Amino acid sequence: MNRQIMVVKDLRTYYKTRLNEHVYAVDGVSLQLKEREILGIAGESGCGKSTLALSLMGFYFPPLNFKSGSIKIDGVDIMKLEYENLRTQVLGKKIAYIPQAAMNALNPTKKIIRFIEDIIKEHNPELSKGQVYKMASKRFESLNLPQRVLTAFPNELSGGMKQRTVIAISTILNPKILIADEPTSALDVTSQKIVIKLLKDLLDKGFVGSIIFITHELPLLRHVADNILIMYAGEIVESGKTNDVIFDPIHPYSKALMGSIIVPEEDMKNRKLVNIPGAPPNLGNIQIGCRFADRCSFVKGECRKQNIEEKVHYDRAFKCIYDFKILKELQINDEQG
Amino acid sequence: MNKDNVLLSGQHIVKIFGYGRSKVWAVNDVDFAFHEREIISFVGESGSGKTTLARIILGLLKSTSGDIRYKGKPRNLKSHGARRQYWKDVQGIFQDPYSSFNQFYRVEKLLLDCIKLQGVKLAEKEKLEKMREACDFINLEYKELRNKYPFELSGGQMQRLMIARIFMLDPKVLIADEPTSMIDACLRSTILKLLLKLRVENNMMIVFITHDLGLAYYVSDTVYIMKEGKIVERGNAKDIIINPKHAYTKQLIKDVPKLSEAWDLS
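If you read the protein sequences in the order shown, they are chains A and B.
Going letter by letter, the first sequence gives residues 165 to 501 in this note's numbering.
Going letter by letter, the second sequence gives residues 12 to 277 in this note's numbering.
Where hints are given, some of them may not hold.
Stated by the list, open to error - DSBU-like, lysine-lysine: derived pairs with alpha carbons at most 30 Å apart:
#  : chain 1 : residue 1 : chain 2 : residue 2
1  : B       : Lys261    : B       : Lys204
2  : B       : Lys154    : B       : Lys120
3  : B       : Lys269    : A       : Lys419
4  : A       : Lys419    : A       : Lys492
5  : B       : Lys208    : A       : Lys436
6  : B       : Lys256    : A       : Lys433
7  : A       : Lys464    : B       : Lys82
8  : B       : Lys269    : A       : Lys364
9  : B       : Lys269    : A       : Lys436
10 : A       : Lys419    : B       : Lys204
11 : B       : Lys82     : A       : Lys361
12 : B       : Lys241    : A       : Lys433
13 : B       : Lys99     : B       : Lys256
14 : A       : Lys433    : B       : Lys154
15 : B       : Lys204    : B       : Lys82
16 : B       : Lys183    : A       : Lys436
17 : A       : Lys419    : B       : Lys265
18 : B       : Lys82     : A       : Lys436
19 : A       : Lys436    : B       : Lys249
20 : B       : Lys204    : A       : Lys361
21 : B       : Lys99     : A       : Lys489
Hints were generated in silico from the structure; no laboratory data involved.
Keep in mind it's a predicted model, so treat the numbers as computed, not measured.
Using the sequences plus the hints, can you model the full thing?
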């Protein structure tokens, strides 16, 4: 078993709104990330996936605030570090982050190589421009990115190429953890494949230690991730090995989520799509009880009376009032909603 | 489907952007024939010209050359009245629900406009009844919606409201340009179910413009594969997805991550 590189315990972070309302977008999340692992996080829009990604960096700016919990990287709790230490020692070196619209993150008036110089200047100021260029071109070569990109302006590159460039730039310091927030959702299938290949290359060549991959596309996670967390309304409702979660989901929400997958496979035409009625709860005003209760087809009275504890069954965990055996038998009705 | 009930067809459609050396052939000699009640998908990667074609079919963009025939006659968009008449029958849903509505109008006004476009005179009560019916169709409450502005709704609600508009307009042809690409998987199944329900209830023909082969396969009867402005392959959805002939189609299908097969990353 590989060593754990990141351990997050009971993390709670919130957005402070104009009306002084506290919206807990990440509410009691615990996770472990092992070395060389790709951890997938899935869930619908607004469930807190992207907030979790931001929170994991330990870098908070308004309206996002930290409430409680710990984020340990190599045994060091980064929430206890000073801001300046966090910026110079953790960001970029230990954790790198690719935002959702990464391709728009490049300043159009600068050549690509300038971005790399900026990063190196902060962390290895003794390197000359020539040395930086050599290092960057070596890295680009080993990732199969063309050399001309280094001297190009961002607007000369296509969307897929920009995305790959941003990934290459943000991993130039060999971070231990790479957080990729929907890196392929704006790309078509061909570019998506190339970006995924790049991420796998980074991991195989040891340029990054582990990857946290956030997406709502489950078929993609099936091929990319080792383990999957399913998020709903700020909580993790199910976690386990990729094959278990995709092919044999336990939590009613995961079951419905898997039922909404569309793939170009022969038997797809005969499948009925599951749709989940209603909308997720308002995170600013969370009621006691299961958060999925209003949309769940197996809901019973007790679901709304108490907060649901996480249950563990071998290497799987889930948050539901029912036991593993009962949940395994339950079938989502195709025609619901 | 026989040849007789062709509803909308196009021959040799060409659209060129730019002049001289920077000419781009966005749509290059495309032929199509859509039948009544058929569901068609145009599939292609970014920049293949599928959205340009959708805009030409909708009459929002003038083609450089080529003829479009609607109900057997050449399409006439010359006068304001003719365009209005055409848009009564041919309507669209777009990719971005956030920019599909006039931000200054409340939902009530947005729905009232649909009744206005149809040109039928209705009493207040009937109008209200119609709007209520449309909101019921998309599983939203008219009372809650009517006084809201579009920006107060979520993305999924907006896309559903878009479908409520289509329900009220009751067009013969619906062009759906990437209607689900900005929403997540659960909402996607809600939207698709609504669209398919519309087809059954209103006898509508739907053209999906998408890059999602799974979606194209799931919903459509006929699939057109587009590449660099040209149609490289067309046919029955099942034939194309299960037995693709053209190398590009094969590549496209190979690139989609599937559930039961391994994904070849090379």
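Item to check | Hint consistency between lysine 419(A) and lysine 265(B) [alpha-carbon to alpha-carbon, up to 30 Å] | outcome: Roughly 26 Å between the alpha carbons, so the hint for lysine 419(A) and lysine 265(B) holds.
Checklist entry - Between lysine 99(B) and lysine 489(A), is the straight-line Cα distance small enough, at 30 Å or below? => result violated (55 Å)
Item to check | Distance restraint between lysine 154(B) and lysine 120(B), which requires alpha-carbon spacing of 30 Å or less | outcome: holds (13 Å)
Checklist entry - Is the hinted pair lysine 256(B) and lysine 433(A) satisfied, with a Cα-Cα distance of at most 30 Å? => result holds (20 Å)
Checklist entry - Does the alpha-carbon distance linking lysine 419(A) and lysine 204(B) stay inside the 30 Å limit? => result Within the cut-off at roughly 18 Å; holds.
Next on the checklist: Please verify whether lysine 419(A) and lysine 492(A) have alpha carbons no more than 30 Å apart.
Outcome noted: Within the cut-off at roughly 10 Å; holds.
Item to check | Hinted pair lysine 436(A) and lysine 249(B), Cα distance within 30 Å | outcome: holds (17 Å)
Next on the checklist: Please verify whether lysine 433(A) and lysine 154(B) have alpha carbons no more than 30 Å apart.
Outcome noted: violated (37 Å)
Item to check | lysine 99(B) paired with lysine 256(B) [C-alpha distance capped at 30 Å] | outcome: violated (38 Å)
Next on the checklist: Checking one constraint from the list: CA of lysine 464(A) to CA of lysine 82(B), max 30 Å. Satisfied?
Outcome noted: Violated, at about 54 Å.
Checklist entry - Is it true that the CA of lysine 269(B) sits at most 30 Å from the CA of lysine 436(A)? => result holds (17 Å)
Next on the checklist: Does lysine 419(A) sit within 30 Å of lysine 269(B), going by the straight-line distance between their CA atoms?
Outcome noted: holds (18 Å)
Hint violations for this structure: numbers 7, 11, 13, 14, 18, 20, 21, all remaining hints satisfied.
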